[in-house]
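Note that the protein sequences, when read in sequence, are chains A and B.
Under my numbering, the first residue of the first sequence is numbered 1, with each subsequent residue one higher.
Under my numbering, the first residue of the second sequence is numbered 1, with each subsequent residue one higher.
No lab work stands behind these hints, which were simulated from the structure alone.
Some hints here could point you the wrong way.
[Said to hold, decoys possible] In silico DSS-like cross-links for lysine-lysine, where the CA-CA straight-line distance does not exceed 27 Å:
#1 A:132 <-> A:285
#2 A:285 <-> B:95
#3 A:200 <-> B:267
#4 B:135 <-> A:143
#5 A:200 <-> B:371
#6 A:175 <-> B:291
#7 A:276 <-> B:182
#8 B:291 <-> B:213
#9 B:291 <-> A:200
#10 A:200 <-> B:426
#11 B:146 <-> A:303
#12 B:426 <-> A:195
#13 A:200 <-> B:356
#14 A:175 <-> B:371
#15 A:94 <-> A:132
#16 A:200 <-> B:170
#17 A:248 <-> B:170
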Amino acid sequence: MSTAYESVRLDHDLPTYYKSFFPFKSFCKWLSYGQVPSEYFARREFAFILADDVHLRYKSFNDVLSFEKELCKVNPHKLDLGAVYNHFPRDHRKHSDMQAVERELVFDIDLTDYDAVRTCCTEATVCPKCWKFVVLAVKILDKVLREDFGFKARMWVFSGRRGVHCWVGDAKARKLNNLGRSAVAEYLNLFIGNKVEVLKGRTKMTWVPNLVQTAYSSALEGGFFESMAYEQGWLNDGRAEIIFSLYKELSADLRTELIEKFNALPTPQLRWKMLKMYFEEDERKRARQEGLNLPLEPQNRDKYFLKYFVLWHVYPRLDVNVSTGTNHLLKSPFCIHPKTGCVAVPLSADDVAQFDVTKCPRLDRLVAELPSINSEIGEKEEGDQKENGQRKVLAYRHSSLAKYVENFEKYVELAIFGSVAIVYTVGRSINHVDLGTVSWVEDVLDALGVDVPQAGRLRPLASVLRLSSSIVSLDSN
Amino acid sequence: MFAPEDSRQRRSKINVDRIRIKEVAANSSSVDYPAYLQLYEIPPGNDITLAEFDEIAVERLRTLKALENCKDGYKLNDDDFKKVFREQIRKFGSKLIVNCQEKKTETERADAWRRDTIGHFILRLAFCRTVENVKWLVNQELDLFKLRFMNESEEVVLRALRNTQFELEKVSDSEREHLVNKLASGSGMSLDVVRITSFWKVGFTEALDLIRKRQVYLQEGMAYVPYEDLVVIICSHLRTQMTQAMARAYKNLGMLEEENRLLPRLKSLSNNAYDGKQYTGNENENLVTRKMLDKLASTSFPLCMKHIHTSLRSNHHLKYGGRRQYGLFLKAIGLSLDEAMMLMREEFTKKMPSDKFDKEYAYNIRYMYGKEGRRVAQNAFSCSAIILRNPPSTVDCHGCPYRHTEPQILAQRLQKEGLTRDQVEKIVNLSSQHSYDKACSRFFEYTHKMEEGALGQLITHPNFYFEESQKVLTGKRATTADFVESHVASAESQSSLMSRKSSCPSREPTDIDGDMELDD
């Protein structure tokens, strides 16, 4: 099934892709964040990347139509998204005070950064085994972004070859300045050089930050880390020296002891068990109840060896520079990767685990789907007595791209809802309230001291006002 | 929002604001000026005489400068620090309150708060014109705020904060108990300490410094900040506010029709951001000849100038940045135009024909001495100008070695100067903490065989370095100068200058050996 992609076909297939498969409507709805017509959209920088890495930067478009027209005309190999600027990006030469003002908070995870721990593949190749690194990275980051920072709109996009990008679309995230972005990125990034920062504080007063705790338990959950350790051979014969010298704080005595024990055990499974017996409180408790012989409890900094071991192998290795610059360009969702032909498809955090890189929608296959899709739609329309023959065929709805477009639309709803003003009328006065998500509406009403209306009375006026779902009107009478 | 306002609109807005502020001031009954530990949200709106304007501004400026100097020798809020600082500001009779426990009558107190507010806002105006000045003022003001904050009881601080628009929500006891484990591991405290500490909720964007260090508990975008870290949050809030307000003030300053009255006053205030003296070289003309430079360079040049000098001698060339930084420095230590021209010619013509030198470089040198172009003699660069303007590329030799050099290379250079490994490490550490002025002062002390801190002041101008060095070498300055005394000396010289400034602003040539003086 998975034959390699022939990139010579790129120029031939791209026009068809942009014309029939690129989901313009949702895409532009996303970048407009609930404004129609949207100045926000018009101040966004787009970059078209043509053959031979020619970059056309600072492109901007007033509306969906002009964007669609230009994209279908130029047919760029890649499409990047930049920031929202204070002026129209296409006028960037006219203004001396041109600066990026807003932009989604983005993160980039690339499997090439895992080459130190990845034994199945190297560099650009990716197999289901190494995809697990991505799965775990997404699981951890998604949890932290949600629970610690309270970000609601999070989209994970397969980059087309060997990594994922995260787009956080909450208004609060978009408004972060460079300082804020770098603070969030530094908070999330545990790696300093090739070391992991699992401890805080000085020699005596050490503590484990919450983030480390969260990441560690997420990694161990459901035996995920364990199975990765076997697959990647981290606990194989002869690995003892390497493993136990990773953590520089480990005392020499314990290191010798562990190396000895490790080498005495015949299988990786038993070695993992041994490590847990040393460093996991729950495991020790259970063993104690069963009356097993326990090793002495590790003291001081030795206690944290297993945390270090686990996180050094699987903690997300972020490319911090991508996240810190407001004006950094990043590959857009639904862009084609020119080397692999894969579409950069949006995934929800839960989808990432099921996602198979080799089955990702690919440009040549999509184009091959088109004739059958066309005939299918054609038949249907004939059955429905087609109303006008000029209707554009939205092939993505019927192709293998469909479920990813749905993911995307869900994200767009969340992102937009985070940014809209809820217009709420009580008698004569109107209160504009900036809200996080729909579920907050009730809290706000509560805070305003108004009885929360029954569910039926809280209705989107989208159809009436033609402003998508961005305005919710509450009629208290 | 981005539409350009025309100046008339802006001016009328300023007037409206002025009236509004006055009304606010008139309506607020007993507390005309926000009391202690305010966040400087509302500017003062009453009328004030020019004499008082000057007095209050100078008082605050000197308080801040004393603070800056003390910080060099001691850790902020140490007992020693407090003692020296209080001693210093008492000497010049500052009425500002640094610590609430000070015994003062009600009226004295009220007056002090009034001076506090007015002084703060005057300095904002005075220092808003250049990036380096803004940065300096914000740093000093924040330190003053921090000092006051740390000396207060929690109760007083919170009462003060309640009067500001900074929103804080206290974490209830039950919520704290509920989250006790997470708060402990979030802030690195023991459970018992958490139980007796008060926690405050702020949006995470207000607590970026703590988040960066992973030193605070975060939940749903809210940071749970323990009382002892609250000062960090409030300071960063104040920093943002001040920086923004000063940027706005700068925009509007030109609209005020105050060219003759306030603007010159403000300008003379901000000239004092560094050691104050502008070095033009007029006063020392012909003191130095080019033959003396090699010797002077090894004894009395700061590291930056030493580096350029060596580079000139070995490469027989200087790029533009180096020519300007070094040329103006030499002019200010008293190298005459003729000497400067000969120095450069001798070196440059080793690598190029003499007519090329005349065509491409001679003009530039005459320009610096005010003999060409707009015919204004230029001042030598201060440290902040060297650090902030025009950073050197790899082929340049100008800039500040503590700011622009890789740590390893800096260490090598320092070793070559004969410093011990300990000393080198200390200086490199300071430079990596962005304390370039401290690094340079330490270098001065080490190379002049003085005790650490004996210089008593930070180096903020290469020519100041040179002058002080000459004083030490000629025996006009003791190497073991007591810290406090040297400060008093500099404070006194400043006070004389301040008084002179308000009476006659004319420039007087000063002696190289004289006390620090400031020219307008």
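Item checked: Hints that the structure is at odds with (numbers, increasing) -> Per hint list: 1, 2, 3, 4, 5, 6, 8, 9, 11, 13, 14, 15 and 17 violated.
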